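Trainee: Single-letter residue listing:
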Amino acid sequence: MSEFPAYFTIWHKIGIYALRFTAAAVLFFLILPILVIIPLSFNSQPYFTFTEGMLSFEASAYSLRWYHAILENPNWILAIKNSFIIGFFATIVATVLGTIAAVGLASPDMPMKRVITALLLSPMIVPLIIIAAGMFFFYTRFNLVGTFPGLVIAHAALGVPFVIVTVTATLSGFDRSLYNAGLSLGAGPLRTFMDVVLPLIRPGVISGGLFAFVTSFDEVVLVLFLAGPDQRTIPRQMFSGLREQINPTILAVATLLVIVSVCMLVTLELLRRRSERLRGVA
Amino acid sequence: MVLAVSQVSESETRPGPRRVAGSSAPAARAFQADRFLQFIDVKKSYDHKTLVVKGFSLDVAEGEFITLLGPSGSGKTTILMLLAGFESVTGGEIQINGTPITRLAPYKRNIGMVFQNYALFPHMSVVENLAYPLKVRNLDRRDIDSRVEEYLSLVELSGFGNRHPAQLSGGQRQRVALARALIFEPSLVLMDEPLGALDKKLREQMQFEITRLHSKLGFTVIYVTHDQTEALTMSDRVAVFNDGVVQQCATPDVLYEQPENAFVADFIGENNLIPGTVAEIAGDRVRVTLAGGQEVLTQRGDVSGTGTDCIVSVRPEKMFIKPSDHAYDSEITACFIVRHYVGDFIRYYFELPDGSEVTIKVLNDLAAPKFDEGQNAQLIWQASDCFAFRAT
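Residue numbers (the numbering used here), protein chains in the order written: chain A, 1 to 282; chain B, 1 to 392.
Worth flagging that the hints you see were computed from the coordinates, not collected in a lab. Nothing here was measured: the structure is a model prediction, and the numbers come from that model. Take these hints with a grain of salt, some might be off.
As a list, the in silico SDA-like pairs of lysine to any residue whose alpha-carbon atoms are at most 20 Å apart [as the list claims (entries may be wrong)]:
no., chain 1, residue 1, chain 2, residue 2
1, B, Lys135, A, Asp109
2, B, Lys49, A, Asp109
3, B, Lys322, B, Phe371
4, B, Lys108, A, Asp195
5, B, Lys361, B, Glu373
Extracted from the complex, chain B is given alone in its bound form (with noise of 0.2 Å):
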């Protein structure tokens, strides 16, 4: 208990749980706390009718890479503002190492907090930016001093100290706020679309460098994000947020290849969603009849009963155009529309009976078929590559 109290005071002598370099591979990890941070059924309101975050609960493992994804108005910054103290939960509860901490003021939560337009003191140079968390804990001068330098070399920025933030590129303050908000050795650290207003080569580079450091110092993240791709490659889980409430917290491989609704399914990636019925339920196989009349065999996602409308998830990938090499278990036939040439692949457009659209993405070698407009194809798949959803 006197550790828990520890970890969200200001104390600097927190013995921080440094992990060795290098052990990012999740199953290597072994979580000193399962739950260290554990966000139980909290909701906010900011205007006592609606809900903008409507029952989130989350246990977060020490260390964990823990990405809030969703589109914007999905209430994913709002969970971060409240972590962070500079909002108030409307019910529900927040816990660091088994501690409330929704009580507690935003300066005294220890809380590290890299922001979307990184909030670098604009009067102050990068050295004193960087030691202003130091300085607040009163922390002894010759110390501060040292502790900048480390950080500074830390995110590549040594000999940068006297310039102001106005003097410095884009991925430059990205990682003067990175450093600031490390600096004062947070247990957990924040980060609010911190790439948002970078172009994407230099979005790149920082994703690496974040995971870099994040392997290296072994703090806990909670990233918030719009790009899918960000929060697949960097995380450990992805929680998709839409509506307040998530819709799946999984890791990014689960999350991609077995979404648990029709919104993830849809939300991240491609994906072809065809409406029909559910015709049986057969353990975890389901028979669907297309709304087209064709019928087809998918893995149960959320259906819920025989003659309920649902969803049909297949990925542009996982299907083929007959002839294939591939086996497959589900073929229907559809309408070539156009083809699009991408470079590595080719993107193929067909229409079903039922008007709906489907896409394959084939790979541009010498078996990319060719088709005239209005031609017939048979389109095949795997079952365990499809998914039938509830329809919403």
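Next comes chain A alone, as it looks inside the complex (with noise of 0.2 Å):
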């Protein structure tokens, strides 16, 4: 705080405080929604406010009944298992064909690169409003409106440009020579594929893979399209919560996906530390 530079007038330091306070401000209202809602779940009243129990930090006043009613309903367990199934299968789906699409656009002679990578990472830029309509006229034709695949190939569709844009920016540390000589001991281009390029870059396709999950998890809009009464997953849950029976399950469900963000989050982190390292040292 006092290692202003010595040229700084009064001007100049009212400046920098102000910044200071407008950044934590913004930080704070970005975040407090977020946090606010982790004790809220634990109340014990039926309520989304603070109550004067919690306030003074009661015991009573806090209890895990909104945990057990996610238990107890099974329309919440439904739920919570569909995200799990489509998110586990989008992934898988969305890592394979965009870590394969990774490498051939990494590729010197692949022909029209940036059409192809434009299009690829269209998912990410197009309103998913728009995408979801078009989905949903273009399944019915084959059917898949409703069902499980469906909602997979969809939510594999919005994935994998997280997986091209991580796997691509890992793959511009690698060094071609590497794959060479794999070729040159006499390993064929799958075996090499596997052997040595994938290890190496196996950061980026991982972080990609995460990416893939998170976005299929908390993904609405394609589900509200695509997806019938047995396909509903959490975010759908919570949608249809919000409107029918306001209670602070949404809140327990809330602050279990936060946890479950964070952990992704620091795996990511992790992974990224170790991908450092290993840039580092090659």
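Fit the two chains together into the complex; they arrive one by one in their own frames, and the hints show the way.
Mentor: This is the structure in structure tokens:
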């Protein structure tokens, strides 16, 4: 705080403090709504506000009843199960396809690289509602609306761009002569890819996969259009919960989702550090 | 024919042509085949417009150490890429033991390669790096272990097996790369400026190391470098490359003492290139009128006819300053500019009447003369040390 340069006038200092205050305020308003739901989810009353008991930290004012409510409600159980199933398969499909696409795009003799990249990344840019509407009419023809494969394909399409972006970034630091070395030692292209390329770009593949999973996990627009009652996911259930039965169960689910997200962010960060270490020594 | 096929197949039981250690003198070598590796009019173009390699032809004998030497951009690395199969040829053919390999996938060619930046797999330990080509060939676990151990000691790295490439010094990485390229006993090993990233002392050590392994194991080497000292000291033959064409392919001494054209004369070692005109050609001797008007006698290089422009080349150490005990049959007058003290020798700079410069190396002894700037001196040499080449 006190290490301002000697030439600073009072106005410089006021400017600096104003900037710090604004930044703190922005952070506060972005983060607070997320943090505030965590204590509220332990509310023993069916309210969305802090009760007097909660504010004076009475043990009886807190409870796990809304967490129990999740477990007791078959709709929620189904939604959680669906979210993980759809997320899992969508992630696998997106990771495999995205990695292959990124490797292909990184090849020096790939024609029309820019056009294809733009095309593959478009699900990230085109408004979701347009994609959803398009997919709805398209999937009807193939009887994919209201089915699990339909949702998996739709979510995979949304996840692919993330995988392409992260894998491409990892590949940019990849030394192509390592691939040639694999070939010269007698390993075929596929074997070289599995033994040499994949282990080195794995951090990018995994973080791309995590992004794809999160994308699928909190996606609600496509689900609203494409899912039937059997395919309701967590976001879909929360969405309907908000309209139909207002109680803090939603907050309990939200808290669980926050925990899942934090775990993923930590994983991502650890992976990033690992890849930096690998690249630093390579 | 069966043998020829197995040379380039993935077969591990190939009877490797291991020669007896110590037979490194080229004359003592009984080559099994003079045409083990053949380039037949090989052409390469990356953009279908300009040729990077223009009709490259070369026969390599089994067990030979051939260096492709040339300035950067001369197409020498491209030749290596074509041979390894990372690039496909635009025209012509490459054959090993009479079998074309141009249509063979790189991983089926069984050619060892040492890359410029080592290209060791960073996520594998030294042992895993060495074992990889053997694992790919489905060798027995125990055979792999013993072979890895053998090659580790061959490159003097026993005890380093569990380290990762990042934990090794540059020279050690180079040894691992070398061992990895040799461990599956390829009959042909390619090296793409393998010593470029090492410092001078380490480079000399590794040059020795490579020639030692070469004479011990008897594989054929195609070595690419732009360092001519490296090329001259290590190779059986050197192919001097320029502009996508081989200018001359010969043993190091022939390359240095009997260059075939002005490029080779200029590129290999130090040389004085003096412009002149062919006055008379008599057998293998040529009389040249230098641009300054003086006449000298030279050997015939690639000059075509009387009256054409030519370049006279004389090595700085083959010229002497009068008075001198050395025999001579050519003499010119030149104007002294400056002398540089190098240590074991002294370098003299002279100017000829036409303005071209001449350098002479004189051993640093009591006979080394002193001149004033602008003073005239008589420079002498033997016609047998001097060539007349076509001016380019």
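Trainee: Could you run down the list of hints and mark each one as holding or not?
Mentor: Checked hints:
{"no.": "1", "hint": "Lys135(B) <-> Asp109(A)", "in the structure": "violated (30 Å)"}
{"no.": "2", "hint": "Lys49(B) <-> Asp109(A)", "in the structure": "holds (17 Å)"}
{"no.": "3", "hint": "Lys322(B) <-> Phe371(B)", "in the structure": "holds (12 Å)"}
{"no.": "4", "hint": "Lys108(B) <-> Asp195(A)", "in the structure": "holds (17 Å)"}
{"no.": "5", "hint": "Lys361(B) <-> Glu373(B)", "in the structure": "holds (18 Å)"}
In summary, the one numbered hint that this structure violates is 1.
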